[in-house]
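Trainee: Here's the letter readout for the chains.
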Amino acid sequence: MSFTEKPAAEAVRYRNQATQRVLKVLLAFAGNAKPRGVTALSRELGMNKNMIHRALSTLMAENYLTRDPTGELYQLGYRLLTLGGGAPSEFDIVALARPALEQLHALTAESVFLSIIVGRNRVTIDDIQAQGPRVLRSLRGHPVALHCTKMSRVLLAHLSDAEVGSYLTAAAPLARAQNVRDPPSETTAGVWQDVAAIRAKPYVLWRNPHHSSAAYAIFPIRDVSGRAHAIITIGGPRERFDLPQIENQLPRMRGILDPLEREARLFPAPPFVVEA
Amino acid sequence: MSSSAKRALRILEFVSDSDHPLGVTEIARVLSLAPATVFRSLDALSRADLVSRYQSSSRYVLGAAADRLCQSLIARFRIRELSLPYLRQLASVSGESTSLHVRLGWHSVRIASAPGTAEVTNAPAIGDTRALGDTYAGKVILAFLSSAEIARYRAWAQAHDRQATENDRDLRVVRKRGVALGRAEFGATGMKVAFPIRVGDAAIAALTIDGPVLEGPPDPDSRPFADWLQIVTHFESLAHAQPALFENPFAHIDPDNIVLDRA
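Protein chains in written order, with the numbering used here: chain A, 129 to 404; chain B, 788 to 1050.
Don't take each hint at face value.
[Stated by the list, open to error] Below 27 Å or equal to it, Euclidean Cα-Cα: the simulated BS3-like pairs (lysine-lysine) are:
1. A:152 with B:963
2. A:162 with B:963
3. A:177 with B:963
[What the hints assert, rightly or not] Facing chain B, a subset of chain A residues (Cβ under 10 Å, in silico):
4. 146
5. 148
6. 152
7. 186
8. 194
9. 211
10. 246
11. 271
12. 272
13. 273
14. 315
15. 318
16. 320
17. 323
18. 399
Hint data in this document are derived by calculation from the structure and do not stem from the laboratory. We put the beta carbon where it would ideally sit given N, CA and C, even for glycine.
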């Protein structure tokens, strides 16, 4: 730095103090910040109430902050929407899981599905179907109740006990979905028992005991608290993809899913709200 | 009020609106400010990470803190995270990108989207803000407001010299169909579709399929339209079950007082 630059830079800093205070107050509302009042902001930012009040006035006048519904506190203002900051850095499960689906399909040559909870149902939102005369199919976008099928129950099991309870209450009586004949138990106690068994393991290997003669490996993709963003299922006919073959490929399957699982832990899984 | 801070915010918005990185000289010329003044404002904005230098050049783009603020605001709409699974389901069955738009005063704002699964699909801009009458998303919200609210919107639009792009007949058609249609861009034939999300008698938001999925007016009983409608109906039923989760953080502000246009 030259001798002439230093005083100039200090002069800029000096003249910018009022602006910097205003911007500091604005930035205090970034993140998951709740609405706050002058006293809380003063304490938090180490600025006197008069300074905070002046900064709030400027930001309110420009609609960068507004009063909250109580009228007592300040919250982020709608004007920030026009900054067009771009897409929120959310966990886009479809884009992030796609490479894993492709690698799992390449490894097994079987069908691979990505499924999430939508309302009270499991819905497959991305898939790669195996080719050949006998393959496992799952209708993309088709809802299957969370207590029906092992795949659905893996999603159900990764909700909290209270959420599982509210689901079972809302879904009662637990009808079996047409054409979907696993798992066998359709009582509330049976579902709870299954939920406990699923929670005890990091993945589920399942052989359908009924007509479709399919076997599956089902992997929950969880957040840091253990809630599931989604499940990834690899499934195929038992004559070529039964549990011994799955167990043989399990270490490589888990290796493929490891980067996705690590990424998933950085984002909270979506909330679960039971429909009316 | 701090005029220097006000000036800095004006510069921030100018940088945000620009489709290319901006230097001090260009900002000073367009905003009729002294270059030294612009430099000082950019210095303050830069320290706050609201703008940053573009690839170590002397030109500026929006900074990470601006993104964080915008995201923090959008996150205050709880409806957004609730909508994401439904948007993904709608995108997976339609193949096209889907979006959630909420009402903000007399505007609609896109606050969430899910990418489509088709080979070519739109990448809708989050934060895209339009007057209600200007897009299919806004029109479907407008059509399901009360006649008194529609009259207020028209008065606002007239006061702001907005050309009326919708009329009573248009809105009647939207109400009758239950959806609004929009012409697809990029020379595609076919129509995009917007569904209202209603709480009580009034629409608070719209779910849209942002690609050419319909060739003409929809038949509510035919697939795949019936499948889309069912997904939207399930989402709407959440609003009836848990209306508090669908509250708009700006609902307490008079729509006439929500100013989104640049000064």
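Trainee: Please list, smallest to largest, the hint numbers that this structure does not respect.
Mentor: 1, 2, 3, 12, 13, 14, 15, 16, 17
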